[in-house]
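These are the residues of each chain, in order.
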Amino acid sequence: MGEHGIALTINGERREGRLEARRTLADFLREDCELTGTHLGCEHGVCGACTVVLDGDAVRSCLLFAVQADGAEVVTIEGLAGPDGALSTVQEAFRAEHGLQCGFCTPGFVVTVTQLLSENPTPTDDEIREGISGNLCRCTGYQGIVKAVRRAAEAGR
Amino acid sequence: MKPAAFEYHAPETIADAVSVLAEHADEAKPLAGGQSLVPMLALRLTRFMHLVDLNRVTELTGIRRDNGSVVIGAMTRQRSVERDPTIATTSPLLAASVPLIGHSQIRNRGTIGGSIAHADPASELPAVALALDADLEIASRAGMRTIAATDFFEGTWTTCLADDELLTAVRFPVWEGRCGFAFDEVARRSGDFALAGVAVAVEVDGADAIQRCAIGLLGLGSTPRRASAAEAALVGRAPTSDELDEVAQLAVADLDPPDDIHGTASYRRRVGAHLVRRAMGHALEEATNG
Amino acid sequence: MTATQPPGTTHSAGRFVGQSVTRREDPRLLTGHGRYVDDVVVQGMLHAAFVRSDLARGRITRLEVEAARRHPGVHAVLTAADLNADAGSLQPTMFQGATPPSPCAPVRLLADGDVRFVGDPVAIVIATSRYVAEDACELVEVDYEALEPIVDPEVALTETERLVHPELGSNVAMSVPTPPDPELDAIFESAAHVVHETFQQHRHTCVPMEARGVVASYEPSSGELDIWLSTQNPHEARQVCSRLTGVPAHKVRVRAADVGGGFGQKYFLQRDEQIVVAAARRTGRAVKWIEDRRENLIAATHARADRIAIDVAVDPEGRLLAARLDHLEDCGAYPLGGTGGVGPFVAMLFPGPYRIGRMGFVSSAVWTNTCGRGAYRGPWMLETVAREQMVDVVARAIGMDPLEVRRRNVVAATELPFTTAMGMELDHVTPAETLEQAVEIIGYDAFRAEQRRAFEDEGRLLGIGIGLYVEPTSMGSGSLGVETATVRVQPGGTVTVMLGTGSHGQGVETTMAQVVAEHLGVELDDVVVVQGDTATAPFGAGTGGSRTAVVAGGATREASLKVREKVVEIAAHLLEAAPEDLEVVDGQVSVRGTPSKGVPLTEVARVAYNDPAELPPGVAPSLEATVSYQAPPITWSNACHVCTIEVDPGTGLVAILRYVVSEDCGVMINPMIVEGQIAGGVVQGIGGVLYEHLIYDENGTPLTTTFLDYLLPTASEVPEIEYGHIETRSPTPGGHKGMGEGGAIGSPPAVFNAVADALALRGATVAEQPLTPTRVLDALADA
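Protein chains in written order, with my numbering: chain A, 1 to 157; chain B, 1001 to 1290; chain C, 2001 to 2783.
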């Protein structure tokens, strides 16, 4: 099958690629762009570890082909901290509340939560749990994560 | 878990899209939100030589009011419907059901038309379309046709769409008058496919008697279903609680629900009746208070 | 050794130990700069995919790989014929030797002539990308003669014609009965009550968010085998790979960088990783294999598949006089390490924290044509499931509240040390205290009143359940009981501690830094923990078995104190002061009470490394210590879980209302991390009882092969967990106890008991898991 040229913006930087249509956006980010922060936990759209922001929406990058992102603006976990590495409000909240253990699901959660709070800055507890129910974690039991979201929402006020 | 190779097409108009579909027929598959199709491709449970990406066909998006219906372009994101402030009044069943589809990340990409064309009997939108007697607008190189929802769903993941056809829009009739609506489902976890679910719309007259009633069922057959016998039993009556209990049992009586690892057929039937009863109660209360 | 504190006293935290310090691991993990095995790229690396059996049992009648080999981008397709003959032993180290502790499955690398479970690897394809490798896998042609598999462990117990492993002659892997016991019989014969129940614990497993993975490279010119591995135990992996490939251990390097969870599944090397390593050795290339989720659910070790029949003899006051167990473990075809089973251990721990008088048991393990069994967080935890669920059954049978039965049977502090019916000595534990603290926090009596009112007035089904247990942590057997720590003050004054641990979420980089900072007297930020690389890490048994705080913590503490001693000795010489007058705080050594008379650690280090002539006589240069610490046989910790739920009788769904854990793990190094470990375990328990199930059909075909069917709890399904802490020092350095597995031990029976308690309001009973909505509604309908 043929290759397709794509050009898109990732974390504010222009990137180009030439690839098969079946190459997922997740694999393109991880391998071609060497942005390995986006993780693959299931590759069938359930666990959310691969979550990135595509044109302003949190999406599962394992369910997108890179060719579909041609011309798009993508933000990955690597694009959330400050230029000097300073943790974002959400990242700092996760650290303070022990919202991560092995860290594998964490990028997906941080991206999801960052989008969630930008759309709904004052979520109720139910809205928090509902908002992160599309991300799976096996280590934390979600305890530190829910607290982190509350803390980040509070800090954002 | 990587998909098999395919040729990729990204048309920008409906005309181009149906042209590609006509050319490649059963070897081509439209790609809408991808939330159902791409996992199947990744697992290699299915494969197509040609994928026709509809995400750049702007003609396929949009929500508009047209006479007595809300017309939603097939590629309209579920999230757009969820966020649209007019939907709550023009289509309360959509407003109630769309937020229950999967999770927000899924709804950010998933589309109204994609979900309906995928026709998973346990998903929300096919049942809502059936309950509201929606009309489905279909395009092909030969032209346009309109199909009633009741003729659209043929089996699990199977519709009357031919290989060269494209669902372009769904027309959801707007119910006016003293109406009440309820959507409810039971799933193992938040966001899962429903084990059983109901979409109920009811209109009552000045004396609180039911003028018309629609009971759509999901997860209870190989397609979404209408509980027609139950509906017929209700029209013209202002039912008592006991009568509603009976109608709920009637609604599931002739069903052949799936039996799988998530729920037995008898479980689904029992819960289906329970949900019908509860939903009818809520919908009637809303309608009679209106 | 420090003296035991009276149970229930709380220590004031130290400067670092006992503090909820935020983790050093977090900045890199939060910003996407962690390094997991799939992030590793080695020059010239190839990618592997497996062809796996889709039959549970069958003979391979044809295996044709030529078409696959010729596919563009394919470097090699290897089968048993290519790899098996050269392979050394595949068993873990503890099963080497003439008499391994238990029988082992006749494991081989690739399936050879026959397949024994769905997922059995038949061929490995190595290509330029995983995409190409999977394409080529489809070109491998395999024909099987299907044979009738053995899927039901009860069938395996008696089936003699069909054998999972013909080489072994029997499907029974192990059967350990206790000898006839007339005294036990007499107790049962004369008891006021004899209560019987059979519990099924269903098959479910670890499911770390990062599945397994390995990058193995063999360089023929140097004879070196370099392996990046998602593992809990790098040194064990190194030993296994050395035996497997014949490459001497000193030329094998295993590195674990960040590991995305393990829960026991990554403690030992499994066949799939071994095949990749062998393939790298054979091809002289770097080969990466990253397990996908379907493989992880089909072919990575399974757990928890048990049946246990229990008889309990009870006196008129509800005291548990005796118990008999008949336990059957399903070990699958290729369990990890011996039978993969822990049967006799389950029986030995069954008494738990209770005064059960006498016990007898039969413990059997069988092979089946399913995925092999492996460790999962508290592999023996069936003892708590069985005991705690049985206590509630007994309570309902004799008409006594389950809390009251526990109160009457739990060992009190005054009885310690207490020897159980199975000869285990309990000490430094507080089961009664945690029981009382947990029920107080949850408001047990008030809940009972509310439960009654809600049922009588509204027909609602509320339930409360308890899971009380003692946990054998940091087992001091074999290499599991030892850790070695090297604490090195670097030239420049900062500190490196090197450990043989294998952190995969436990925050070892933080907790061990806290231990060093505390006992050496330096700033936390001046300590770096190095682990995971066999080239630099002292030999250790990795992370698992709730052992890090005690064993690695013990070694780290002792090594820190030894270095501190030398620091003080050198500083005393430099300051012309007496060593006993000096204190070391935040990297400054000074005379107690006279801070101006002091010398920084940087200066002590400078002298030790660069100016040895200034050292006191008899003191050798450099500033480090390596200490190996051997833990005692068992360090007990304990906890009580209490959970309230509501069953919806219309749908069978279970909602968890409140969840309380009262725990005693001795001196906590980092309370935040302790609570995090408990939380993860609790939610795994909730997942196990209500959602997760690895299902095979009667043909041995797995039905739960994706996350669409194997259901993990999400944030919407779990409550906010409440904690109570009790601190009873252990007699180990630091007073710590292990606790990493405990959350997953106490939770399943707490949840199960709560649901059973709710259903009992309508006279309904359950004994099998998971408690799906169907099972719950069926139980109510049958009542």
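Please note that the accuracy of each hint is not assured.
The list that follows gives simulated cross-link-like pairs (lysine to any residue, SDA-like), each with its CA atoms no further than 25 Å apart [what the hints assert, rightly or not]:
no.	chain 1	residue 1	chain 2	residue 2
1	B	1029	A	19
2	C	2597	C	2612
3	C	2566	C	2634
4	C	2566	C	2620
5	C	2562	C	2028
6	B	1029	A	154
7	A	147	C	2020
8	A	147	C	2725
9	C	2566	C	2594
10	A	147	B	1189
11	A	147	B	1191
12	C	2566	C	2626
13	A	147	C	2720
14	C	2251	C	2093
15	A	147	C	2019
16	A	147	C	2028
17	B	1029	A	2
18	B	1029	A	147
19	A	147	C	2671
20	A	147	C	2722
21	A	147	C	2658
22	C	2566	C	2613
23	A	147	C	2719
24	B	1029	C	2138
25	C	2562	C	2491
26	A	147	C	2655
27	B	1029	A	71
28	A	147	C	2716
29	B	1029	A	4
30	A	147	C	2283
31	A	147	C	2013
32	B	1029	A	5
33	C	2562	C	2655
34	C	2566	C	2491
35	A	147	C	2027
36	A	147	B	1099
37	A	147	C	2018
38	C	2251	C	2538
39	B	1029	C	2708
Hint data in this document are derived by calculation from the structure and do not stem from the laboratory.
Hints, verified against the model:
no.	hint	result
1	1029/B to 19/A	holds (21 Å)
2	2597/C to 2612/C	holds (22 Å)
3	2566/C to 2634/C	violated (32 Å)
4	2566/C to 2620/C	holds (10 Å)
5	2562/C to 2028/C	violated (32 Å)
6	1029/B to 154/A	violated (46 Å)
7	147/A to 2020/C	holds (15 Å)
8	147/A to 2725/C	holds (20 Å)
9	2566/C to 2594/C	holds (21 Å)
10	147/A to 1189/B	holds (21 Å)
11	147/A to 1191/B	holds (22 Å)
12	2566/C to 2626/C	holds (13 Å)
13	147/A to 2720/C	holds (10 Å)
14	2251/C to 2093/C	holds (18 Å)
15	147/A to 2019/C	holds (19 Å)
16	147/A to 2028/C	holds (20 Å)
17	1029/B to 2/A	holds (18 Å)
18	1029/B to 147/A	violated (43 Å)
19	147/A to 2671/C	holds (16 Å)
20	147/A to 2722/C	holds (13 Å)
21	147/A to 2658/C	holds (17 Å)
22	2566/C to 2613/C	holds (16 Å)
23	147/A to 2719/C	holds (12 Å)
24	1029/B to 2138/C	holds (22 Å)
25	2562/C to 2491/C	holds (17 Å)
26	147/A to 2655/C	holds (20 Å)
27	1029/B to 71/A	holds (23 Å)
28	147/A to 2716/C	holds (14 Å)
29	1029/B to 4/A	holds (19 Å)
30	147/A to 2283/C	violated (50 Å)
31	147/A to 2013/C	holds (24 Å)
32	1029/B to 5/A	holds (22 Å)
33	2562/C to 2655/C	violated (53 Å)
34	2566/C to 2491/C	holds (15 Å)
35	147/A to 2027/C	holds (18 Å)
36	147/A to 1099/B	holds (24 Å)
37	147/A to 2018/C	holds (21 Å)
38	2251/C to 2538/C	holds (16 Å)
39	1029/B to 2708/C	holds (23 Å)
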